[in-house]
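Asks: Sequence:
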Amino acid sequence: MQTSAVAETPVPPRIPKRPSRKWAPRFIEGTDVITWSRWLWQTRFAVHPKYWYIAGFVSAASTMNLAMRWLQNGMYGEQLARVSLAKQPVFVIGHWRTGTTLLHELLIQDQQFNFPDTFECFCPNHSILSERFFKTYANWMAPEQRPMDNMAAGWGRPQEDEFALCLLGLPSPYADVAFPRAAPMYPGSLDLSGLSPSELARWKRTFVKFLRTVSFRDDRRLVLKSPPHTARIPALLDVFPDARFVHIVRDPYVVFPSTVNLWKSLTSRQCIQSAPGIGVEEKVLREFRVIYDRLEEARPLLKPGRFHEVRYEELVKNPVGEMQKVYAGLELDGFDAARPRVEKYLQQTTGYETNKYAITEEQREKVSREWGDVIRRYGY
Numbered sequence: 001m002q003t004s005a006v007a008e009t010p011v012p013p014r015i016p017k018r019p020s021r022k023w024a025p026r027f028i029e030g031t032d033v034i035t036w037s038r039w040l041w042q043t044r045f046a047v048h049p050k051y052w053y054i055a056g057f058v059s060a061a062s063t064m065n066l067a068m069r070w071l072q073n074g075m076y077g078e079q080l081a082r083v084s085l086a087k088q089p090v091f092v093i094g095h096w097r098t099g100t101t102l103l104h105e106l107l108i109q110d111q112q113f114n115f116p117d118t119f120e121c122f123c124p125n126h127s128i129l130s131e132r133f134f135k136t137y138a139n140w141m142a143p144e145q146r147p148m149d150n151m152a153a154g155w156g157r158p159q160e161d162e163f164a165l166c167l168l169g170l171p172s173p174y175a176d177v178a179f180p181r182a183a184p185m186y187p188g189s190l191d192l193s194g195l196s197p198s199e200l201a202r203w204k205r206t207f208v209k210f211l212r213t214v215s216f217r218d219d220r221r222l223v224l225k226s227p228p229h230t231a232r233i234p235a236l237l238d239v240f241p242d243a244r245f246v247h248i249v250r251d252p253y254v255v256f257p258s259t260v261n262l263w264k265s266l267t268s269r270q271c272i273q274s275a276p277g278i279g280v281e282e283k284v285l286r287e288f289r290v291i292y293d294r295l296e297e298a299r300p301l302l303k304p305g306r307f308h309e310v311r312y313e314e315l316v317k318n319p320v321g322e323m324q325k326v327y328a329g330l331e332l333d334g335f336d337a338a339r340p341r342v343e344k345y346l347q348q349t350t351g352y353e354t355n356k357y358a359i360t361e362e363q364r365e366k367v368s369r370e371w372g373d374v375i376r377r378y379g380y
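Here the sequence shown stands for residues 1 to 380, numbered as in the working numbering.
Hints in this document: simulated from the structure, not taken from any laboratory.
Backbone N, C-alpha and C define an ideal beta-carbon position, used for all residues, glycine too.
Check before you lean on any hint, since a few could be wrong.
[As the list claims (entries may be wrong)] Just the calculated beta-carbon pair ranges, DEER-fashion:
{"no.": "1", "residue 1": "F133", "residue 2": "G74", "range": "29 to 39 Å"}
{"no.": "2", "residue 1": "F133", "residue 2": "E309", "range": "22 to 32 Å"}
{"no.": "3", "residue 1": "Y345", "residue 2": "P234", "range": "15 to 25 Å"}
{"no.": "4", "residue 1": "G77", "residue 2": "S198", "range": "32 to 42 Å"}
[Unchecked claim] DSSO-like cross-link-like pairs, simulated, lysine-lysine; straight-line CA separation at most 27 Å:
{"no.": "5", "residue 1": "K204", "residue 2": "K87"}
{"no.": "6", "residue 1": "K303", "residue 2": "K204"}
{"no.": "7", "residue 1": "K209", "residue 2": "K283"}
{"no.": "8", "residue 1": "K209", "residue 2": "K135"}
{"no.": "9", "residue 1": "K344", "residue 2": "K325"}
{"no.": "10", "residue 1": "K356", "residue 2": "K317"}
{"no.": "11", "residue 1": "K50", "residue 2": "K283"}
{"no.": "12", "residue 1": "K325", "residue 2": "K87"}
{"no.": "13", "residue 1": "K283", "residue 2": "K204"}
{"no.": "14", "residue 1": "K87", "residue 2": "K356"}
{"no.": "15", "residue 1": "K325", "residue 2": "K303"}
{"no.": "16", "residue 1": "K204", "residue 2": "K50"}
{"no.": "17", "residue 1": "K264", "residue 2": "K344"}
{"no.": "18", "residue 1": "K366", "residue 2": "K264"}
{"no.": "19", "residue 1": "K87", "residue 2": "K209"}
{"no.": "20", "residue 1": "K356", "residue 2": "K366"}
{"no.": "21", "residue 1": "K283", "residue 2": "K317"}
{"no.": "22", "residue 1": "K135", "residue 2": "K325"}
{"no.": "23", "residue 1": "K283", "residue 2": "K366"}
{"no.": "24", "residue 1": "K303", "residue 2": "K283"}
{"no.": "25", "residue 1": "K325", "residue 2": "K209"}
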């Protein structure tokens, strides 16, 4: 069977590559005991025996997380309710493995922007209370590298807010990473179509509360990056009618094998059930359609100056020029001031070697058949 090689997203680490420990905590350890109990009930307590010790640890940690959330709410609840989000967020959207992380990293070089970091997204129940302790004394608990591409990770690095929403008990496709044999745990959570009106209202309230927590000590405009938000633009506009969206697109023939590797890597590192060996390609094909179908439906809602698209290939070829276009397309000021920091970041990350994956002719035909309209729309 013939295969063709494709390059993985070149999003290099900011720190020199060094030997990495293999152990890292599971992200579900950041949830609360109510959410944890719900997950166990929905999956009929189907935890693989070799992960029972992890389930025990999550049970203890999630109980502590709930207690600390109550304490944080008691100490800071009134102040959190007054946090302003008047500077409405910039959303970096796009399918997984299209370069959203690279684009996010480039944007947050601008000092006018704030962002959710890994600690806030993995410990969302009590980040205000515990952030200083964990970042000072518990850096050993943070993952050093991302499992899908060995990119540097750490408590202070930018992260997808979808992890926080999942851990706060909202319906999320990311719950499937821990419970792959129960997947999908929340059908319709990717584009929020599976939520009832009351669940959707709760989703919006919880999302806003999380962003207020992130902005509690830093009220700069937020730049948020989560691929699922690509399919949620109407809901996001209900909450933030003046939000800005920058969409990055990449060759689907590269995106497909890279996303398959993403879910396999994450599941193998994060699951507490035995990961199924089949179904990942079907998941990728299905979710790609949901994301791009919802994006096209939402285009009429996007005002001029509030939506911009960038091709990954052009961003890699001319990052400074493309970032200048992003600022202009979103009517954002400040690129001239940010440019030296962007250029410094690019200099520091020169030479990162990308992972490579292979796509078989059978897979290529399947991608062409299932995603053909998107491929043609973006000129691939």
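Asks: Could you run down the list of hints and mark each one as holding or not?
Replies: Structure-based check of each hint:
1. F133 <-> G74: 29 to 39 Å: At roughly 18 Å between Cβ atoms, G74 and F133 fall outside 29 to 39 Å, so the hint is violated.
2. F133 <-> E309: 22 to 32 Å: For E309 against F133, whose Cβ atoms are near 41 Å apart, the range 22 to 32 Å is violated.
3. Y345 <-> P234: 15 to 25 Å: violated, 33 Å
4. G77 <-> S198: 32 to 42 Å: Distance hint for G77, S198 is violated at roughly 22 Å.
5. K204 <-> K87: holds, 17 Å
6. K303 <-> K204: holds, 21 Å
7. K209 <-> K283: violated, 31 Å
8. K209 <-> K135: holds, 22 Å
9. K344 <-> K325: holds, 19 Å
10. K356 <-> K317: Between K356 and K317 the Cα gap is close to 18 Å, so the pair holds against 27 Å.
11. K50 <-> K283: holds, 26 Å
12. K325 <-> K87: holds, 21 Å
13. K283 <-> K204: OK: K283 and K204 at ~26 Å, within 27 Å.
14. K87 <-> K356: It is violated: about 39 Å lies between the C-alpha atoms, which goes past 27 Å.
15. K325 <-> K303: holds, 17 Å
16. K204 <-> K50: violated, 37 Å
17. K264 <-> K344: With a Cα-Cα distance of about 34 Å, the restraint between K264 and K344 is violated, given a limit of 27 Å.
18. K366 <-> K264: holds, 19 Å
19. K87 <-> K209: The given pair, whose Cα atoms are some 15 Å apart, holds under the 27 Å limit.
20. K356 <-> K366: holds, 20 Å
21. K283 <-> K317: Judged against 27 Å, a Cα distance of about 31 Å means the pair is violated.
22. K135 <-> K325: violated, 35 Å
23. K283 <-> K366: holds, 13 Å
24. K303 <-> K283: violated, 32 Å
25. K325 <-> K209: Not OK: K325 and K209 at ~32 Å, beyond 27 Å, violated.
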